[in-house]
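> What follows is each chain in one-letter form.
2 protein chains.
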Amino acid sequence: MNAEIISVGTELLLGQVVNTDAAIVAQALSGLGINLLYSAVVGDNEERLRAAVETAISRSDLLVMTGGLGPTADDLTKETTAAAAGKKLALHQESLERIQNYFNEKKVSENQEKQAWLPEGCTVLQNDNGTAPGCAFQAENGCTIIMLPGPPSELAPMLHHYAVPYLAQNQDSVIVSHNIHIYGRGEAPVAQMMDDLMDGENPTLAPYAKEGECMLRVTAKAPTPEEADKMCQPLMDEIRRRLGDFIYSVDVETLEELVVQELQKQGKTLATAESCTGGLLAKRVTDIPGSSAVFQTGCVTYANSAKEALLDVPHDVLARHGAVSEETARAMAQGIVKRAGADIGIGITGIAGPEGGTSEKPVGLIYIALSDGKDTWVAKRSPIGRTKSRQWHRHCAASQALDMTRRYLAGLPVLFD
Amino acid sequence: MNAEIISVGTELLLGQVVNTDAAIVAQALSGLGINLLYSAVVGDNEERLRAAVETAISRSDLLVMTGGLGPTADDLTKETTAAAAGKKLALHQESLERIQNYFNEKKVSENQEKQAWLPEGCTVLQNDNGTAPGCAFQAENGCTIIMLPGPPSELAPMLHHYAVPYLAQNQDSVIVSHNIHIYGRGEAPVAQMMDDLMDGENPTLAPYAKEGECMLRVTAKAPTPEEADKMCQPLMDEIRRRLGDFIYSVDVETLEELVVQELQKQGKTLATAESCTGGLLAKRVTDIPGSSAVFQTGCVTYANSAKEALLDVPHDVLARHGAVSEETARAMAQGIVKRAGADIGIGITGIAGPEGGTSEKPVGLIYIALSDGKDTWVAKRSPIGRTKSRQWHRHCAASQALDMTRRYLAGLPVLFD
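Line by line, the protein sequences are chains C and X.
Residue numbering for the first sequence follows our numbering, starting at 1 and increasing by one per position.
Residue numbering for the second sequence follows our numbering, starting at 1 and increasing by one per position.
Think of the hints as simulated: they come from the structure by calculation, not from any bench.
As the structure is a computational prediction, the values presented were derived from the model and not from experiment.
Please note that a few of the clues may not be correct.
No copy is singled out in the list; a pair is fine if it fits within one copy or between any two copies.
Calculated lysine-lysine pairs in the DSS-like style (CA-CA distance at most 27 angstroms, straight line) [unchecked claim]: (1) LYS88 x LYS107; (2) LYS106 x LYS388; (3) LYS107 x LYS388; (4) LYS374 x LYS88; (5) LYS361 x LYS388.
Start from the sequences and build out the full structure, keeping to the hints where you can.
As structure tokens, then:
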């Protein structure tokens, strides 16, 4: 089954909004074993939209449209697509009632009502997170058309709860992928190590760079998920053999998710003391639902006075070595672990830039300490190669703290070369 | 001048990576007054890539390619595009030296060297943040082709520093846009209020939803930036008249950036005490370069014991009203402003979900307090409509805290209906 995506919205062509919808849909199609061959963006322009839809219907088995289902006048997707597919719109009473309930009003505006007009005979995909319903139907030539709302917070649940089951009915093979997440080795050296494994057709192996990390994806296609999974395993074993402890997870998508899981399993708590990362590490940990059981205290101490008052960093250490130093990072980790009564404490101090660097302490110099109240380890990040952004330095420092925590919890050496 | 973008990469079609590159390029083209009519994604497939490039060259004045310039075997963009445009590749000595310097090695691998092979006669766009250079050249039929590397951290600076100036040479009109950022009124009511202003052709007005906020964009096209800007002003004045204090900025893109600017102007400091937002507010403030001057202390206090120890929240308040209550939020803000010696203190406590809600205190119930040490204001967020995500609740609560700070600093009522 060959598919394409058309994302509708002038805001996409003007670059005001990033097309996350296409990625979300693409991932779901890939999971269903559907080949996505084209993904295009069209503005809120009836003529070009109609032409794009007609081409898609004529050459593909499945067309997924995202965006343009809303209440405003430039939301053209339904009218235009239905016309191109030879369908009329009809008022869908249940959807209208959902919209009325959403606004807690008996009578909604004409704009809002417009959202309940759907191609006649379609399968309605209800919107559990907003007002515009989606739909699925077949064009006269048999091409399946699915329309989903633009906001990712509405599109993603509708896709996973309603559109994917709709599509899954008709598939005779599935794709299974496993993501092998790696911290501490870059994409290029990892790709080189795996060079001889990358020519396979089924399963396939492909490397991906993530911000400050990298990932290998193993993918197999088979009639059932079980068979596809089984085909992946020997290749995954070989990758594990080659990369060892640098693999932080298989299919747990982020370091923070893995670390929260491990803390939960071991019944341990983490506390953080952040200077240059400014709360980013705490934020990433608490992004994970259920983190409140394992993360109870974090401090963001930009000012030296705050480092002294909240973390008991000795005045003398700050005066002698400066706020950005191995000694200060160490004292921050030791201070927070004690103050918070946690099992593991992290201290991070450094220069995220773009300002504030010197030749001795350049932008990108960051110290990351982990203390368990008894032992303390300090990693030093030095800027290498070309200039990186503030965001990059902050993200990588938080990632390294998470990886150190992961290593500590797994009983591995906390520091590595 | 009509343009199109082709983004290359199977990872985009599989949805493993979101196509931020297309948005970054689209924004830059829009700023140059270049009409972007098509934006497409093609996988790492030579045949389909070549077909897409040939179509683009035949119908557009400008083709911007993103991705596929890297060292690995599936990086096909240069070879395929050059062939479609009737060009050969040649080794660019200076680029090779840059790559050698990047790795600090005299001899780099064949894969790495591949990146220095560029279409003969092209203008090389140097990569200040990575290894793969970009390039600009003309196909035989006169279509301008620009190739940029895939990682956004490399693409964005190359685009802005080298590709945009290259393109600006040939433009006879410019587009100027102003973004009017609004907090406290949603996209639908704002669009309704502006309905009569949205039919203009030049300048144009368009509404956009942002996560928990909305934005109006005023855009004009003219021979010079000054003229275009002047055309925008009357419309912007009218919008200001209608929306008043709900406008938090024009062209300052985020609440956190605006708040840091205002704190800097007024020489004031902010301190934060976060429970359910878990460091997100501190993270957003410290995302802004230079924030260290106005933000010195933040606390993430998930546990009640941490609220007592770090913020002096009275045990009695927690016992009587619970951690998620107006009284606790108030005590958190008052505690942090005093402990940190800051001018403004924020306290946030609530239930971000997905677990932990009750019928009395449902997921999405969040209290946000602002204290200046003398007065304290508390806003209550109640969940309305359908279920929202943990990330959404956290983001909106942090945004509301920033908006309260903005209002306080501007001498406006801190709370509004």
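> All hints are to be evaluated individually against the structure, with a verdict given for each.
Comparing the hints with the structure gives:
no. : hint            : verdict
1   : LYS88 x LYS107  : within (24 angstroms within a copy, 65 angstroms between copies)
2   : LYS106 x LYS388 : between (54 angstroms within a copy, 23 angstroms between copies)
3   : LYS107 x LYS388 : between (54 angstroms within a copy, 24 angstroms between copies)
4   : LYS374 x LYS88  : neither (72 angstroms within a copy, 63 angstroms between copies)
5   : LYS361 x LYS388 : within (15 angstroms within a copy, 44 angstroms between copies)
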